[in-house]
Amino acid sequence: MSWHLSGSRAWLMQRISAIYIALFLAFILITLTLGNAINSYEQWHSLWTSPAINLATLLFFSLLLLHAWVGMRDIILDYVTLFRARLLLLALLGIALLGCQLWAIRILIT
Amino acid sequence: MRQPVQPQFLDLTKIRLPLPGVVSILHRISGFLLVLAIPVSLYLLDLSLRNREGFSHAIAISHSLLFKLTASMILWSICHHLLAGLRFLLLDLEIGVGREQANQSSKIVLISSAMLTLLLLGVIW
Chain A
1 MSWHLSGSRA WLMQRISAIY IALFLAFILI TLTLGNAINS YEQWHSLWTS PAINLATLLF
61 FSLLLLHAWV GMRDIILDYV TLFRARLLLL ALLGIALLGC QLWAIRILIT
Chain G
1001 MRQPVQPQFL DLTKIRLPLP GVVSILHRIS GFLLVLAIPV SLYLLDLSLR NREGFSHAIA
1061 ISHSLLFKLT ASMILWSICH HLLAGLRFLL LDLEIGVGRE QANQSSKIVL ISSAMLTLLL
1121 LGVIW
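Note that the protein sequences, when read in sequence, are chains A and G.
Taking this note's numbering, the leading residue of the first sequence gets 1, the next gets one more, and so forth.
Taking this note's numbering, the leading residue of the second sequence gets 1001, the next gets one more, and so forth.
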């Protein structure tokens, strides 16, 4: 079976994204707890707009949504056997996740 | 083509999942809950970064009972999904694939994710 159809690519992406998500969350948790305490809007705003964190967060949401796509696709394919229902749910999921991606971009790049 | 025969009328109360099976289904359930948390997180991030009023509004929301209850469930989901996921990564590397070890690591995942959640709950409540 080809690399594409075997699901190996999804398998690999799920693991790569998982590792990045875990490292990012650990990094944010450490930044928020050990860094300067955030008491004002200005501090909060400058934290997320600093270039490194801004870029890392954008990448985080992209990989998180990709991870969500692979996981939810597995769930739908496991439990929904009716072809048309499958197609509908996958389409709705895709639209919702794509919407979240655009939303994340709009929040972080303004 | 003939349809493959599938088991019918599964009685969930009669199914005894082994511990690794429990970890696996909880990994799936927690993942599903975490997907639902994505738009909520985006909403709060959006609100908090908009302006000063939005920032205070987001903080007020984070102090509400509904938020804290939801956040508690999401914190458990993160802890379980992370630790069970790490266990699956180790299994991919063929670490701990024996039956005894798999049972043992399942116990470790279930107990440590519960303890980690309790620790984090102490922070938010």
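Since the hints were made in silico from the structure, they are not lab data.
Small disclaimer: the values here were computed from a predicted structure and weren't measured.
We put the beta carbon where it would ideally sit given N, CA and C, even for glycine.
Don't take each hint at face value.
Okay, the calculated bits of chain G under chain A, using three or more residues with CB under 8 Å as the criterion [as the list claims (entries may be wrong)]: (1) 1022–1033; (2) 1036–1045; (3) 1078–1091; (4) 1096–1102.
Hint check:
1. 1022–1033: Coverage by chain A holds for the stretch 1022–1033 of chain G (3 residues, Cβ < 8 Å).
2. 1036–1045: holds (count 4)
3. 1078–1091: Result for this restraint: holds, n = 5.
4. 1096–1102: With 0 residues close enough to chain A, the hint is violated.
Of the numbered hints listed earlier, the single one contradicted by the structure is hint 4.
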